[in-house]
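Protein chains in written order, with this note's numbering: chain A, 1 to 289; chain B, 1001 to 1303.
The hints are simulated quantities; they were obtained by calculation from the structure and are not laboratory data.
If you're wondering where the values come from, they're calculated on a predicted model, not measured in any experiment.
Built from N, CA and C at the ideal position, the CB exists for glycine as well.
Relax, there's no trap hidden among the hints.
Just a sample of chain A residues kept apart from chain B, beta carbon distances all over 10 angstroms, derived: (1) Arg91; (2) Glu159; (3) Arg230; (4) Glu236; (5) Ser256.
List of simulated lysine to aspartate or glutamate pairs, EDC-like, C-alpha gap at most 20 angstroms: (6) A:Lys200 with A:Glu236; (7) B:Lys1066 with A:Asp25; (8) B:Lys1066 with A:Asp39.
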Amino acid sequence: MDALIRSAITGTSQEAPPASVLPTDDLLGSAEGMSPERDLLLRAGMRAVYRVAGRRATTGVEAPQPAPMETLPACSAKAAEVVRQLLADQRDAILREALERLRLAGLRLPHALLPVALDVQQEELRPAVSAVLGERGRWLAGFNPAWAWATIPEGGTEEDDEAAWEEGALPERLEALRRVRGRDADQGLRWVDEAWKAEKAEARTAMAAALETGLSSADEPFLERALDDRSVRVHEAAAALLARIPGSAYAARAASRADSVRRCVTSLPRAVCGVWLRGSRAGEGRVGL
Amino acid sequence: MASGLDALDLWMEDLMRGGLAAVGTRPPSFWETQAKRMVDAQAPGVAARLQRLSGLPNSSPDWPEKLLGGLGRLALLSEAFRRLDTLDEPLAESVRAEVGIPLSQEEVLERGESVADGWIVLGQRTVDEGRLKIRRTWLVGDPRRYALILQFAATGAPFAEGFVSGTMIRGELAFYPGAYPLRAIVRSRTGGGARAEKLPGHGTVEAFLDHASTATARQPWLERLPAVLEGVVPVFDGGPDGGRWLVRDSDGGALPFAGGEHWTLLSLSGARPVDLAAEWDGETLLPLGVVAGGTYRILPGDV
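Isolated chain B (complex conformation) (with noise of 0.2 angstroms):
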């Protein structure tokens, strides 16, 4: 593994020599070897974020810079797995995680952090890879526990388990091991099913950042956390660009939500606040429900 990363530095350095201009130009198979070489050398984590930077490339204005960050974080972690044995051991967890070395259920169950509590499921995001799915299912306890469940199913198979967003399910969850222990797996459940009537979150959108600062100080290579915003407008600022969508807090602050529209959320809250919960990866927020009127609705990530 520790000779696949050194390969994986050599390959990010002859970028670095040749310059970001020159990716631009290159076929997604350029892309596609080096993830491959990464699977190979036993860092699936490694190659997933290969694959996801592989699509930055002439996808906006500022690409360059957010391919560099990407390329950098990659190279931090690299750096990071190389002095492991330095590392505090939730931190070492953590970068053993992201490079993609497996943990299995059974030492989660018996390492991880018990959390018994009831869960709220604030939503849910189901991604296709192929002939795989990927679906995030994540969870608030109390006070503001966030709990990222990930389940895998073939294309056109039910995932094992079920969680109907809006409602609580009571239980214990089982914590990946980490410096921001989020993902979890359910040790136990005991029952639940009550319909969630109000979000526990944030009242403004700079504790939300605040709380997002600490998680990412603690775990760099986070690439997406839950946020729940209590008490928020969604905003929609016409313009001739098409617009922007926004929600806004009682004090002002807004954070932009992630492209594409958002009438549905708009439509529910009637510029009246709502409890809004959505997925925060660092620069705009994915919806993924909202409670309007004491109702939990599901929201469409991208309409």
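Isolated chain A (complex conformation) (with noise of 0.2 angstroms):
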């Protein structure tokens, strides 16, 4: 602190202020005939303006390390809107759905997205978040120690999750199994296949819907399998992913089946109708309840 704010601040009751040292003291001429605080005013006024004036950019600030070219485009504008709006309102539902879709088909979140979707809270949305993040997102959660989970995982983490799904309790397999599929999907498959059989039905149910992570169609013969389970949940919990596989046999089944519900249901006056009168007709009165 120089002696002119050290005179400000103290007041020019106690202390004076101090002599001339500036280059901007000067401009001011001779004093004489000023108070010493209209004099410190104005020094410190021209001081000021000099510093702006005067100032200089910053050096030694080493220049980042770029981030590494994207390899998948980013989704629209418009998918992004609907993709904020989401994550805005909290429809965890819906926008691991949406998020879930970008995915299979090959598509990132665009830049401008990204902190708001690293900011995402909810523990069980980050490996869909993560999966559209694209390498610019995995690029920035490096400087946020608080998206620390969307970075790319270091040496050891795949063992670690290796090490939970052999031998953890079901909640550590399931967020594990969860991670690997982020990862690597195929090798999250291969580990529930392999595990499969010897499972109760409430792991096979939840191993099942954990894999709606990183779902593609390379999961659509082992979820028809597990249509065949014996458990109803289970079959449930294959249905429904099965669903969302765009193509999957399973979805155009349901098209088909829908598409003839439809075609009933068109021509469903004249059909019933007759239905109606051949049942009434023969004293079956139940088909017309």
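Join the two chains into one complex using the hints; note that each chain is given alone, in its own frame.
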């Protein structure tokens, strides 16, 4: 702190303003007839202007490593806006499906949306977000400790996941499974496939549902087999995922069923009428009900 | 008005006698009363400066120095106003404008310099001041002629004229006369709407600072200038204290950003060169918009 500021802080009644030391002081000319306070103010004002005008660039700032080039195209601005809104409203179920669809379509989030996406607080959504961050998202996450979950896993983590899968309780196993599915979906499917027969229905249901992360047509044969599971809940979990794989046989079957229902419904009035008439004629009143 | 400025000078000299340390403990009314007096004395520009200074005490470790600088510039303004007739006409116009003597739109259209060009809308910043909101819109023409459009509207009401950041408007601006004409009004619009794929500005930080230095030398009471930096890289220098945000040119010269986080900017650039538009207050940059990959985007000022 220099003498001019010290005098201003303590007050000129305590400490007289110092004699001229700055080049700008000469601009003031003679301070005759001017109070020491006015003199101090004007000198301080000139110095402030002098400082602003004489401002130099900050040096010694390292250029950061540029982000790797993207390998995937960004989704449309419209899709990005939908995701932004879902993130803001915390519509988790729809958001997860939207993110999955982006991933299945081979798309990533646009760069402007990445900070908001990385701020997602719900842990169960993170694998789905992670899959659409692109190169830029993983690069950006490296700057903020709060986003460490989205950075490329360090060496050792894969082994940790494998250990958790082999030895952990069900929640840890599912977490590890989701992480692996986010990194390498085929590896995750192999884990589930190998463990499948030995697991109880509750675990089979949860594992089938966890395949949602990283879902693709590569999972279709396994999920088709899971449809025949003796547990209804496993069947339902598998069916829910199959319906979301574009072009899956299950989706096609469901579509054709829906189509036949639609055809049936379109021609319903006459058909129902006929059935009813036939039924009543034959004395089968139930049909009419 | 002159008597109002005399009273201001006495008030500031009292501050100096008592010392700035004592000012740090004053209630807001201490500043508000003085600002109101300046409004009554037909010096709203001075009142606005006092209001800005009132936020300084205890706001940063070096607040006494900042406050002293601000009061000093205010003292220079009252000094200049007293010697108006000895100043060049453009500087005298600036001094009158800084004190707050209004100029009607008709006068600006009549006396101000008119410049026809394609103007790129660099960005906007809206400040809410209670019942009133003020919007600053920054424009740049070719070659590097900057303009500031100030708009006022009641809170909740729209601004009368629209500007879309990142697009070009064609037309003629009339500049308020002054030593460094920056504020302008739109005299006529003939078209526009094309999107800007790059922003014309300075290639290095030092070149921009030279420009800012010239502007400050011509008009020492300038509060802010637009900064347009071409091909610069935003940098986040992480650290235990929350890190610092800067923008760096290809020569290694850098300038700090205003407080807050600038993740969107960092994400858009990916540490690759972008064109940046910002407000420069003499110390830090407040981002307005960025052109990355040929596309303009508005930046949130304070995230």
